[in-house]
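Undergrad: One line per chain: the protein sequences are A and B, in this order. Per my numbering, numbering of the first sequence is gapless, rising by one per residue and ending at 514. Per my numbering, numbering of the second sequence is gapless, rising by one per residue and ending at 514.
FYI, nobody ran anything at the bench for these hints, they're computed from the structure. It is possible that some hints are incorrect.
If chains are identical, the list can't say which one is meant, so a pair holds when it fits in one copy or spans any two.
[Unchecked claim] As a list, the in silico DSSO-like pairs of lysine-lysine whose alpha-carbon atoms are at most 30 Å apart: (1) 136 / 460; (2) 331 / 342; (3) 430 / 331; (4) 496 / 342; (5) 342 / 136; (6) 496 / 460; (7) 430 / 206; (8) 206 / 460; (9) 430 / 342; (10) 206 / 342; (11) 206 / 331; (12) 342 / 460; (13) 460 / 331; (14) 430 / 496; (15) 496 / 206; (16) 430 / 136.
There are 2 protein chains.
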Amino acid sequence: MLALMSLWQVRSEIGIQLKFNLVASDGRARAGVIETDHGSVETPAFMPVGTQGSVKAIEQRELVEVGAQIILGNTYHLYLRPGTDILDKAGGLHQFIGWDRPILTDSGGYQILSLAGLRNISDDGVEFRSHIDGSLHFFTPERIIDIERTIGSDIMMVLDECSPYPCSYEYAEQSNELTLRWAMRCRQRFLSSEVRYGHSQALFGIVQGSVYPKIRERSAQALGKLEFDGYAIGGLAVGEPAEEMYEIVNVCSEILPFDKPRYLMGVGTPENLLEAIERGVDMFDCVLPTRNGRNAMFFTRHGPISITNAQFKDDMFSIDEGCECYTCGHFSRAYLRHLFQAKEILGLQLATIHNLHFYQCLMGEGRRAIASSTFHTWKQEQLALLRRQIPAADYQS
Amino acid sequence: MLALMSLWQVRSEIGIQLKFNLVASDGRARAGVIETDHGSVETPAFMPVGTQGSVKAIEQRELVEVGAQIILGNTYHLYLRPGTDILDKAGGLHQFIGWDRPILTDSGGYQILSLAGLRNISDDGVEFRSHIDGSLHFFTPERIIDIERTIGSDIMMVLDECSPYPCSYEYAEQSNELTLRWAMRCRQRFLSSEVRYGHSQALFGIVQGSVYPKIRERSAQALGKLEFDGYAIGGLAVGEPAEEMYEIVNVCSEILPFDKPRYLMGVGTPENLLEAIERGVDMFDCVLPTRNGRNAMFFTRHGPISITNAQFKDDMFSIDEGCECYTCGHFSRAYLRHLFQAKEILGLQLATIHNLHFYQCLMGEGRRAIASSTFHTWKQEQLALLRRQIPAADYQS
Chain A
118 MLALMSLWQV RSEIGIQLKF NLVASDGRAR AGVIETDHGS VETPAFMPVG TQGSVKAIEQ
178 RELVEVGAQI ILGNTYHLYL RPGTDILDKA GGLHQFIGWD RPILTDSGGY QILSLAGLRN
238 ISDDGVEFRS HIDGSLHFFT PERIIDIERT IGSDIMMVLD ECSPYPCSYE YAEQSNELTL
298 RWAMRCRQRF LSSEVRYGHS QALFGIVQGS VYPKIRERSA QALGKLEFDG YAIGGLAVGE
358 PAEEMYEIVN VCSEILPFDK PRYLMGVGTP ENLLEAIERG VDMFDCVLPT RNGRNAMFFT
418 RHGPISITNA QFKDDMFSID EGCECYTCGH FSRAYLRHLF QAKEILGLQL ATIHNLHFYQ
478 CLMGEGRRAI ASSTFHTWKQ EQLALLRRQI PAADYQS
Chain B
118 MLALMSLWQV RSEIGIQLKF NLVASDGRAR AGVIETDHGS VETPAFMPVG TQGSVKAIEQ
178 RELVEVGAQI ILGNTYHLYL RPGTDILDKA GGLHQFIGWD RPILTDSGGY QILSLAGLRN
238 ISDDGVEFRS HIDGSLHFFT PERIIDIERT IGSDIMMVLD ECSPYPCSYE YAEQSNELTL
298 RWAMRCRQRF LSSEVRYGHS QALFGIVQGS VYPKIRERSA QALGKLEFDG YAIGGLAVGE
358 PAEEMYEIVN VCSEILPFDK PRYLMGVGTP ENLLEAIERG VDMFDCVLPT RNGRNAMFFT
418 RHGPISITNA QFKDDMFSID EGCECYTCGH FSRAYLRHLF QAKEILGLQL ATIHNLHFYQ
478 CLMGEGRRAI ASSTFHTWKQ EQLALLRRQI PAADYQS
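Take these sequences, add in the hints, and give me the full structure.
TA: As structure tokens, then:
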């Protein structure tokens, strides 16, 4: 433990690698800027999910166009395919996928839970079978950091165990203790390893503890002391009621260091994001806008619409009045419905563009509302709009 | 017949709706400009196929980016879905799909042959079952023109019967006589009907006759006298050897009016296009660049490559050196291979962009070679390159 402490001192001497400047706050809601060697990320930030090195059905230049300042990749997936040898030869993930803005990599804790076959968790690490070919692999906290160094993400996540929901207090407690031990080992490896491609990399800790406030408190306190570059709240949006999720976010927000970014993993609906921002969260990722888009669901300011509904078959208006995305600027609901009915790939592309643009705009507006100290009012207005179910008659001519 | 003749006179009095200016020729190869109310099309021209109102896996703005000056839609498909009522309400296909450049619509003769269940051909027309829901429909030559008026394509095609390959001389002869009678009825309906959306529409005849030069001659002569705005050579690329196709193109080219565009339907490979241009063809359409792209095949100046081959797994070069498309400008073969291995939709998008760009560049270069009277030499050089199989060693580092 002493050796570890001295490493932290070295670290604090070499300075903080990730800068997070808080520029405004409104209640607990915060607007900030994360600075990385690949550019700035304004918070609150939504990170489109590019699990395998591609945000599904959208081009990298279109991610820039919709306003994405950072995307997410997954260590578990990228390790299995294309593999670290290819990423190494490419000069890291940014080079490999042609994306020069920041990248955050999830460690794969959640994916091992949800995707991998046979998994064997021990104090040392986790053994699992690849969901692609069934091959056997072993991740230790140290190995995860090594892989993330090879990926070259701007923000790396520690290896954690994401407890299932529901789970007992005892399970959640033991699981969290394991996650904390792994977090310390990740941190140690992080401090004793070097960047591969000349740009800085930061490391975030992950608060676990299921829906149990006491475990979450202990997790947030312990991680806070380890001085990570930022803190994620993991293990939520796994099936628990939204109110329970918000309570856990409150608990974590109170404890986590004020001057570091907070990232609520895998969340969520527009409503979830607004509620979490109000509770002090700065960063989000979720497959909802992309996955639901590919399932013909378009987010709008007046609630989501399922474009395959017959009511849209001759609706010549755009998806969302006032939306400035490519999709809304050029195509009608009738055409988008036709594309989905005819199983045209273009439907997936246009839905993805619109939904990601919608999420990015929501974050941008939220940020401006925080800066002008009107966040709560703005949020209430947005929620009222989002919850409004559009009657079919609105679309019938 | 007299009534029809007088209609043609009316037509010649109101002037030719489609302008085709030949700007250069080199042997039989021609460079020209087709002028429509939606803009010009430089020939030789390749038309990406947007059967159902979308060129698969590419956005309309990207079609412009890759240089497409005209796209193709299919009357059979568009009639079945979204249906003429929707297209009518949208103000035509251009408005519906957000494409303001020219559109040509195939009549559906080939699709009824290849897709529809039970088809019953009589002199009156063709009865068929929808490939979507099995419903029964009846197309007459007049009905096809009415539908194409509602679609609002800049260039409409007559209803034809595309004979299967192989077929007997007698079948081909009878089929062609039917196609000629239908062509006259289409022409008559064309002349007696009006445009729907304020822009001009042209009508092309279709030469049939399978692989029998005598029938092709009669078809081309008869259609030539009907003074269509352009002439398609149909019923090829259905399984016959390339040499047979080229011979038929020669036969048709000799007879078809010199001052009207000639369109070789459904063709083909880069090699096919170059050979056909040399034989006097001006326009092409084919699913090859888009469909093969979605199957991981990339066209290059050195022959096609199948990107899923293991030899590309760590190949950090672009698909085609010197190619200026978005795909080649930003992504490596290794990344493209990864996208296909991981079944990412982005792979389909990037392959489609590259392959269509490749086809458009080939047409543009061919046009310049014609203008500088070097077409034959240029063609031979291109064929030598295209036929060269790249040894695996070229890609191995």
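Undergrad: Take the hints in turn and mark each one as holding or not.
TA: Now for the hints, and whether the structure bears them out:
In this assembly of identical chains, residue 136 and residue 460 lie within 30 Å of each other by CA distance neither inside one copy nor across copies; the values are 45 Å within and 36 Å between. In this assembly of identical chains, residue 331 and residue 342 lie within 30 Å of each other by CA distance solely inside one copy; the values are 17 Å within and 90 Å between copies. Within a single copy, residue 430 and residue 331 get their C-alpha atoms no closer than 52 Å, and across copies no closer than 48 Å, so neither meets the 30 Å cut-off. Taking the shortest alpha-carbon separations for residue 496 and residue 342, neither the intra-copy value of 33 Å nor the inter-copy value of 71 Å comes in at or below 30 Å.
Taking the shortest alpha-carbon separations for residue 342 and residue 136, only the intra-copy value of 18 Å comes in at or below 30 Å, while the best inter-copy value is 77 Å. For the homomeric pair residue 496 and residue 460, neither the shortest alpha-carbon distance inside one copy (36 Å) nor that between copies (38 Å) is at most 30 Å. Proximity of residue 430 to residue 206 under the C-alpha cut-off of 30 Å is restricted to the inter-copy arrangement: shortest distance 11 Å between copies versus 49 Å within a copy. Proximity of residue 206 and residue 460 under a CA criterion of 30 Å is satisfied inter-copy only: 22 Å between copies versus 37 Å inside one chain copy.
In this assembly of identical chains, residue 430 and residue 342 lie within 30 Å of each other by CA distance neither inside one copy nor across copies; the values are 57 Å within and 43 Å between. In this assembly of identical chains, residue 206 and residue 342 lie within 30 Å of each other by CA distance neither inside one copy nor across copies; the values are 37 Å within and 64 Å between. For the identical chains of this complex, residue 206 and residue 331 are neighbours neither inside a copy (45 Å) nor across copies (61 Å), given an alpha-carbon limit of 30 Å. Taking identical chains as interchangeable, the C-alpha atoms of residue 342 and residue 460 are never at most 30 Å apart, the minima being 52 Å within one chain and 42 Å between chains.
For the identical chains of this complex, residue 460 and residue 331 are neighbours neither inside a copy (49 Å) nor across copies (43 Å), given an alpha-carbon limit of 30 Å. In this homomeric assembly, residue 430 and residue 496 never come within 30 Å of each other (Cα to Cα): the closest approach is 33 Å inside a single copy and 48 Å across copies. For the identical chains of this complex, residue 496 and residue 206 are neighbours neither inside a copy (46 Å) nor across copies (38 Å), given an alpha-carbon limit of 30 Å. Proximity of residue 430 and residue 136 under a CA criterion of 30 Å is satisfied in neither setting, with 49 Å inside one chain copy and 36 Å between copies.
The earlier numbered hints that this structure contradicts are 1, 3, 4, 6, 9, 10, 11, 12, 13, 14, 15 and 16.
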